[in-house]
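Protein chains: 4
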Amino acid sequence: MPNLNFHPAGRHFLQIPGPSPVPDQILRAISYPTIDHRGPEFGVLGRKVLAGIGKIFKTTQPVVIYPASGTGAWEAALINTMNKGDAVLMYETGHFASLWKKMAERLGLEPEFLGLPGIEGWRRGVQNDLIEQRLKADTAHRIKAVCVVHNETSTGVTSDIAAVRQAIDAAGHPALLMVDTISGLASADYRHDEWGVDVTISGSQKGLMLPPGISFNAISPKAMEASQTATLGKSFWAWDEIVAMNSNGYWPYTPSTNLLYGLSKALDMILDEGLDNVFARHQRLGEACRAAVRAWGLEIQCVEEACHSPVLTGVMTPDGVDADAVRKLIYESFNMSLGAGLGKLKGRMFRIGHLGDCNDLTLMATLSGCEMGLRLAGITLQGSGLVAAMEHLQSTARPVARHPEG
Amino acid sequence: MPNLNFHPAGRHFLQIPGPSPVPDQILRAISYPTIDHRGPEFGVLGRKVLAGIGKIFKTTQPVVIYPASGTGAWEAALINTMNKGDAVLMYETGHFASLWKKMAERLGLEPEFLGLPGIEGWRRGVQNDLIEQRLKADTAHRIKAVCVVHNETSTGVTSDIAAVRQAIDAAGHPALLMVDTISGLASADYRHDEWGVDVTISGSQKGLMLPPGISFNAISPKAMEASQTATLGKSFWAWDEIVAMNSNGYWPYTPSTNLLYGLSKALDMILDEGLDNVFARHQRLGEACRAAVRAWGLEIQCVEEACHSPVLTGVMTPDGVDADAVRKLIYESFNMSLGAGLGKLKGRMFRIGHLGDCNDLTLMATLSGCEMGLRLAGITLQGSGLVAAMEHLQSTARPVARHPEG
Amino acid sequence: MPNLNFHPAGRHFLQIPGPSPVPDQILRAISYPTIDHRGPEFGVLGRKVLAGIGKIFKTTQPVVIYPASGTGAWEAALINTMNKGDAVLMYETGHFASLWKKMAERLGLEPEFLGLPGIEGWRRGVQNDLIEQRLKADTAHRIKAVCVVHNETSTGVTSDIAAVRQAIDAAGHPALLMVDTISGLASADYRHDEWGVDVTISGSQKGLMLPPGISFNAISPKAMEASQTATLGKSFWAWDEIVAMNSNGYWPYTPSTNLLYGLSKALDMILDEGLDNVFARHQRLGEACRAAVRAWGLEIQCVEEACHSPVLTGVMTPDGVDADAVRKLIYESFNMSLGAGLGKLKGRMFRIGHLGDCNDLTLMATLSGCEMGLRLAGITLQGSGLVAAMEHLQSTARPVARHPEG
Amino acid sequence: MPNLNFHPAGRHFLQIPGPSPVPDQILRAISYPTIDHRGPEFGVLGRKVLAGIGKIFKTTQPVVIYPASGTGAWEAALINTMNKGDAVLMYETGHFASLWKKMAERLGLEPEFLGLPGIEGWRRGVQNDLIEQRLKADTAHRIKAVCVVHNETSTGVTSDIAAVRQAIDAAGHPALLMVDTISGLASADYRHDEWGVDVTISGSQKGLMLPPGISFNAISPKAMEASQTATLGKSFWAWDEIVAMNSNGYWPYTPSTNLLYGLSKALDMILDEGLDNVFARHQRLGEACRAAVRAWGLEIQCVEEACHSPVLTGVMTPDGVDADAVRKLIYESFNMSLGAGLGKLKGRMFRIGHLGDCNDLTLMATLSGCEMGLRLAGITLQGSGLVAAMEHLQSTARPVARHPEG
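Chains A, B, C and D supply the protein sequences, listed in that same order. Mind the numbering: the first sequence is residues 60 to 465 in the working numbering, read in order. Mind the numbering: the second sequence is residues 60 to 465 in the working numbering, read in order. Mind the numbering: the third sequence is residues 60 to 465 in the working numbering, read in order. Mind the numbering: the fourth sequence is residues 60 to 465 in the working numbering, read in order.
Don't read these hints as lab results, they were simulated from the structure. Fair warning: there could be bad hints in the mix.
Treat identical chains as interchangeable: a pair holds within one or across any two.
Stated by the list, open to error - Calculated pairs, DSS-like style, for lysine-lysine (alpha carbon to alpha carbon, straight line, at most 25 Å):
1) 143 to 161
2) 387 to 107
3) 160 to 143
4) 160 to 403
5) 281 to 143
Computed from a predicted structure; not experimentally measured.
Put together the whole structure using the sequences plus the hints.
Structure follows, in structure tokens:
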């Protein structure tokens, strides 16, 4: 094995917005011996994870689990429902929205990219009025799907999906609503059924605290119906056979058994903590992180108060400061990985992940590394973000240890 | 975690023809903490596995590693190179060849299925003369690809790929040669470059001794060229971006980091044993297994001596005996999983896997379980297969322990 | 890490009579992060293992768990209860009984070694009449303890401890009864309370299926009382402080936390299978093993039918055959470790372990390796032990897989 | 398995002064399958760890590795060298020195406890002049050993062992020098040979970053000689047989195989980082920690500048504040374990561990938890310790990531 940690000692702080740190229990779960995916034990495993994953998506509809990483689930959503040349309305929230649009093009669709100009759209959530307006104009209903990113991992902006649904309904438009919540699921509240989403796409390596390698499509009846007549070639991604086989807990082809072990454990952990507690924990850590950035006197990438992501925080470096050089300095000096600015934001910001298996002290460690690194990089900070974050955490702390009796 | 072994005690014998038993070292490797797939450590890992995997395919051409299971790599091979409506000549060696053909149909291709009638084709290797003949008849070169399965997992028949290449060449036909060696790679000799294969498809959960979840396309220059003009929509599977990013050891989207840890370890183990030693070990175990089946007086599914698979052996149960009932009895009584008869062979045979991390005593244990189970099922055996297998193993045994000095 | 398996491929068969193969679940359990041994979580762990271990010893009295390997528990039993110069009656069942006697001498006691002459005593269980006779002669009650080995690991002989108790009682002698069941516990039935044992000594690396490193003293009230006035210097081994602290699940000094994780898991596994089922499984495997040895025409070390060990079988090699050379050949050729002949039996026999996490197919693999190795060593066998063992296993097989519903 | 973390999410911060957090690599190492402790692989392992451990103790003399926790190694040192009624001069540095003295009493020795009165001696290192003075007075050389604790875990005071040696030499006294560096080894510089120590005692669960369960005696020729005539009963702890067997890498009785796997890995990690770098890292973290305590306006337990421990820092709580209540609050609110005040200091202080696999951000997290917890407990702090610690770390930071090229 090559060396997986170039630092001489101590734990690496993986504070990128995913893959998030995988808890020990999950790492051990995925190291159980691989079993026969046609045997009775597998059926029990399969039925368990399929039942549990629906609770995370808040859906009673089928959730397909692919033995493929998140990008594959993007493709699956489009491939299953669309036809060659179909128009899809995609909203530019950031780099990942852009990549999804590029994918739509490569798959032979005709994506239309909606959004605010320049970098502005990358600092705000989905503007629902733009969507409503555009759909109203599409009287011929050429647009077959509206595609939005729930939590844009490249910026730290979380959009209001219920509002997008309302915009589509207000326009009286039949387009499918497809939502990428790859980095939002199990960190930010998400309601596939209640919000009327047709296809929700997610992955394993974020709020689910798993390694990358499996991904998800939650599917509404309307999307399922569309898939029956859609004509893009589909086989590996095809929902029909998977959903049929899933009824007994099996898959038509070999599933990613060991990552399903991890999923089983992750579901136990998340549902045991309670989804609402998980969301509240993420919100609180996000608030503390933003308190730190403000105390430093740096700009947060997201400028809409209602849209701050509980998953990650984008921090803009002052003009003239190469954010990637700061990240490198922090990596080398303090054994911590941060997320880079992507696409239009390359070198302009860095991203702090505070998702998944994160707690107060992990966040404080993270902010310490950032604060020291920023200073070492020669940036003058207005104050100590650490102290500001600590104020927030301290004032909102509650004893949470669960004693065996409790 | 649900119970992953319904047996009260002792190790489970996973003797299906894949997923094969994952060695402890590999299970531990995949349980290392997930790292930043954009960080410097990952680059070292990526470059290492990409360099090593070429040696296994015996190629100096690019090998794409997908964060998706083997069925995905089938799709990738077709999607990257074909166009809607393209004719592909596929050879029916068994159930998996049939599934691949079905996939081609779902992807919008026009597969033509060549083979011997009924069950006969499922007992023999690819008949190269049929291919040559068919290609010669295709004077218009409508056929764009010839697709064959190297080691048919459903039957235990290994075909001669070099001979397929010769047949194509003899016909002077420009079709691409695509070979599925999902269950053959790293167990049976395979030579992507020397045999002139255009796309080789493989997976992780067989000879590579990994859990399922990653898969491979080895790509000839001719296939790569075809991909540049092929018009099926491709994005997740698209070779171009992956190969470009791989030059530095990275991927365009999130790779399956933890399974790549396992791959790194698997490559160490296989190359340390030596590919030729690995192949010889599989051949010897296959011979011993067949000696047992013959001693039992049962029929081996494969009837061509030159085509016996070193990976698995298909055993036909006597007329009137439900092979699945035998398998269930063995599973319940002796804590061992065997492969089922698939497709045309359902209930007619079972499959003994002797691949991957298998050695003499594991095979003897396996054959013991079979022999006892067959008898418990009321089948009269001609003799002890165990004794026959032991004769073979004993007469060909060599001390192989490598002392620290050696 | 140095290479821990000098064989190129496949699982090592660790068929020595301990350390026995550690199941995956236990290996994973011991790899959980070490916790604060003074924190609340540890208390839950401590209370759990202390409650569970009593069930294994079949006692309601204290069982002290030492963070030390089994030899330490021997010392603890003597140190806690004896005084300098005390006479102890020890029974020579084999090599380990001899080592225990040597320990008693080094600790300043005066052991008297009872037994049959030469190698004869190493082929039979404890002769209770000899003990009764000797104790009756000790009218002055100089003898303070009777020490016997329940399952002599060097020979494969299991003695009747209830009968030893009866012999002591028949002699009306007040000596303490100390029993080493290091290799018997959790494989052969053992009843600390019912059999009136005063100190039972055991270890982790045999029937409990753990790595070596922790060990046990089960303590009768009479032994506990003796310890209060005994004058050998004792501190690390002293029962008093440990038993006092154990009431809350803690230890006076740092316990072996990670091996206690393993113990917790092992207790779950054993009690879930059911002690009686565990014992029956060991008996059945022992019978099959002996059937093989008899079919080979070789002598079993134990010559008393009632005393055959369910844990291991000692196999004598024919005159002139160096048993260690056979073992080496088997190790090198078939990736299996067997136990050596010890002490008086060095080079004269080898020992087959069939304890702990062992099942039918593991035993068949083991016997295959033995049969091939014996033949390769040039020994003429009367018949196939493999076939004989298989007959026994097959005729006594029952489906034991527990389906999720069951 | 019982729940080993009562907190709902995120990593536990185990900041007690041992057991220290065990790195992932070591946890995985100890989960490798247990092997035959008489086989050739074990010999390689044994020779490796025995060679490596000497480098850590800085000795060319034998280092005995016990399959027993640290308290056992204390006993071993005394048992091997002393005789009943021997006078030993022990120095009271704190709670652990007191426990060692109590052990000496239980073993039948006559310890004399030297030290400053009341709590004063618990705030300073060994006063060498007291030792010199006492030894000079012992003209009859009744004192057979001088026993001191190098790094007193209960207080955070590290004594100057070379100076103790000088004191003994200055007195011209023949007593053996025995040093407990259970919590100092591999964190603070230690030189068994150069400092003329006769028996050095250590354990696994501190600077060596292993779980508890194995322990050490490094032995000078003079101590070895003493052991040959010493008359306390010794068997399990006896050096002679172990040292003899160790020459080939084996042990006379079953060693703690899986913890030796961990030791092998730990040696690799420590020697790869470099002992001097390890010591410098501990010193720097200790300085940062003390900077925090001073900024809070709290007292550090150790009042001698030269004796501050690089392993842990003892923090006294203000009068009237129950330190254990503060610890509990921190445990419950911030998922961190701190060490309690022991013995004379119970409830008066808490201990922060910054040893082993600790780095800058781990320490910052730790101090964050302390600062928030102290405030939540109602203690008025003079200033932010966090900011003070950060100043120190930042001003002394160096990039330490080792790139693959380097």
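A quick look at each hint next to the structure:
1. 143 to 161: Result: close both inside a copy and across copies, 15 Å intra and 21 Å inter.
2. 387 to 107: Classified as between; 23 Å across copies, 42 Å inside a copy.
3. 160 to 143: Both ways: residue 160 and residue 143 sit 15 Å apart in one copy and 23 Å across, limit 25 Å.
4. 160 to 403: Only inside one copy: residue 160 and residue 403 sit 15 Å apart there, 44 Å across copies, limit 25 Å.
5. 281 to 143: within (19 Å within a copy, 27 Å between copies)
Violated hints are absent here; each numbered hint is respected by the structure.
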